[in-house]
Amino acid sequence: MTLRVLASLLLAAAMPAAADTIAITGGTVALGDGSEPIPNGMVVIRDGRVVAAGDIRMKLPADTKVIDATGKWVTPGIVAGFSGLGLSDVGFSAEGANDQGSDGPFNAAIDVSRAINPMHTPVAVNRADGVTRAVVAPSAGKSIFAGQGAIIDTGADMDPITAARKFQFVELGQDGAQKAGGSRSSAHVLFRDALREAAVLGHYSQPVTSSGRGEPDERERPVVRNPNESRIYSAPRPQDVLLTRFDAAALVPVLQGRQYLLVHAERASDILQVIDLKREFPSLKIVIVGASEGWLVADKIARSAIPVIASALNDLPASFEQIAATQSNVGRMRAAGVNVSIGMIGDNETHNLFMERQYAGNLVGLLKVPGATGVSWGDALAMITSRPAEAFGMGSEIGSLAPGRRADVVIWSGDPLEASSAAEHVYIDGVEQPLQTHQTRLLQRYRNLSRTDLPKAYVH
Amino acid sequence: MVSNKALFAAVGSALLVSGCASFEPADKPEAAIHINEDPFPSTYARYPGVLTVIRHATVFTGDGQQINDGTIVFSDGVIRAVGGPDLASPAGAMEIDGTGKFVTPGIIDIHSHLGDYPSPGVSANSDGNEATDPVTPQVWAEHSVWPQDPGFSRALVNGGVTTMQILPGSANLFGGRSVVLKNVPGRTVQEMKFPGAPYGLKMACGENPKRVYGSHDHMPQTRMGNIALARETWAKAVEYKRKWDHYYAKGGDMPERDLAMDTLKGVLEGKILVQNHCYRADEMANMIDMSKEFGYHVTAFHHAVEAYKIADLLRDNDICAVMWADWYGFKMEAYDAIKENIPLVQNAGACTIVHSDDPNYIQRLNQEAAKALADGIRAGIPNLSEAVAWEWLTRNPAKALGILDKTGTLTAGKGADVVLWNGDPFSDYSRPERVWIDGAEMYDAHNPKKRPVSDFELGQPGEGDVK
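One line per chain: the protein sequences are A and B, in this order.
Reading the first sequence from the start, the letters are residues 1 to 460 in the working numbering.
Reading the second sequence from the start, the letters are residues 1 to 467 in the working numbering.
It is worth saying that the hints were derived from the structure and are not from the lab.
You may find that some hints are simply not true.
[To be verified] Below, computed lysine-lysine pairings styled on DSSO-like, alpha-carbon distance capped at 30 Å:
1. 368(A) with 450(B)
2. 456(A) with 292(B)
3. 368(A) with 449(B)
The following block holds chain A by itself, in its conformation from the complex (with noise of 0.2 Å):
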């Protein structure tokens, strides 16, 4: 197989010599950028990185690793769009396994990237079933901040950081209001003067200069300084603060649009107030993550320019800023013009990434139903890899397989928006990822649950 598969290559650009060259071959093969599966594909990466990917031919060096990947399909790695994932290994009553929670002094100068364990058993269940990075928020605790989120990889390796600090995480809608005192109107105050202490602070800030060395420009791709290392801190403030010093200055990026405010709200009224945000703080790099009722205020989402990462499948009433949930959401939305992508939005985000791709599916399903909308399948699938990266300006390093894009690539054993296919190779920066887990060893030990001359606990 490999030997015709190299014969048909054609003699094309010719590619340095490199041992780590892997040229995967036959497979079906989605970009991740909204098109179309192409039938018997080809994805080659390099030095942790896409060369080309596609219905393509070129010559490869001859030291190429060729996987034949006939009858598979192979896509960029799932991103999921808004998760816990590093954050908490046990849910609950287990001390010390969860770092979700923000019920100490601070709230917007936290920051997930100190608490993220490459360690914990969901990054590496997830990693197995295909999810190679992931958008990480912390959870509110006494505040409508929660912190500082981050993007990660799922690596079998002790750096999972792709961006720390890369949003600062809000709420908005109800469970704003719960944090506020009790209602929106509060929330709305708490923000607006958060972001006013922010400013005081923030005109002690140094400018944000470009390097000159033709690398962008900071506020065009918005890369955070630790504020821990910031020399804001001993600026002068006014009295009536309700801010720490550390929670203001960590505000001050936002507020310059230099790193993008991630606003949890569902409600259609809600997402028109964080929507009227953009006209009160220009700056603001704006994404909101929930939206169950987008599809009533879709067109004036549209015209915002706002991405979107929803819960897909949202169709109960769970809570009175739902009403109007229905799986027809995200196709509604999509369909008036939304970049829209998918997230885990209290639905196992610390858990289930791995379901995004069902979820994904059941969008395409929606297709068939009489009335209701769905989303295409190549749609469907840039929801859960180059939307959500695109969404926090990451779309040039992650999430699809155009040249250039770090080699997060899986190889399935079907179709991936279905369920019950499996991820069968990862490759996260052009790396192979082991795919055991918890989970593949205890399915070795009691596969066979006959007695043997041992107990179980010598099966490893």
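Dock chain B against the given chain A, drawing on the hints supplied.
Just chain B now, with coordinates in the frame of chain A:
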């Protein structure tokens, strides 16, 4: 024991008020008062249907068979015939072309809290756990069920769920009685109650009871406390039953009525089925021994994430394992969940059931089964197929609910609880197209009028929308 003489008149008159007890005058003290065991009787009545034939569909019968180009005939609420393309259509039948589609029995979710934890999930509606005492066999889930829970309709139209067991929560060792409902909207819960379905008793082991009460400095605080309190309770129940047995046999003073003990007596008599929340293998083994000590049978272990470790024990004790496909790690007792749990239990020859415990996942139980099936096949577990996996969704839960003679398989003579799927139900891309319950069409994807809308949703945004 309190003297019964003083209580006799009061209890007797209370029973008379219920209108169902037989009561003999006091001059015949040897005659027994019989407790009404069904004081909240089902008033369910099937809705009208037409003589219906579906042809050319792939049929999963629910008892392990797959019929390609299959035919099903039902009328007057009952399945008349199931077979291949040669099965004749009766005159006057409405014929449905099932080409490319699938027909299955309606899905049965053996573990749901619809109605007792309804949407919206506000505290005013939170009626699933009577967490005031670890032993509350006297509470009945049906008295918490809000028939207007919008979740029922989603389970029907997206999930093809036609029957559900609604259980109390798991805060308590003895959570109370469950109720089996038809997924037919009713003004009252009585209108939804599955006629003839036995009651269940929700029991719980493990983390939940000890967490809820241990944090209140109240027994149980430990797993040993869980078992001790459960055993004390069963010991009382055995004594309670003995008194009533004696009373029925010999007459004399009527024993004092105890609603909690009535439920446990029903279990000891085999009339009420034990539905036992239990995650860990070692705890299931303890519960099995306890059931033998007091002479009852555990019908099913729910959330049995470690069933695969003792699948042989479950098989040998004729206990069903009720499982998720891939939930794991949300608490310590779910830490050893594996994705092959369901097929491994099937492989051991034990009764295998897929459940939801969730108002969202109840809409995709077919996909949960699909995942478990695929994981099992990948692990090399033999004799698995879609037809076998469908047993996890209908036949086996019907068996564990004591209603297998009435539903759960496509068998002539059973109630016509039927789903027509628009594609293979083991695919993420498939949905119910039409659903019948007792032969009445309760959902038709092509007809917005054949879609239930709860009272709660009337006049709200999205009323009558696809959900």
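Cross-check of the supplied hints:
no.	hint	verdict
1	368(A) with 450(B)	holds (17 Å)
2	456(A) with 292(B)	holds (26 Å)
3	368(A) with 449(B)	holds (18 Å)
No hint from the list above goes unmet by this structure.
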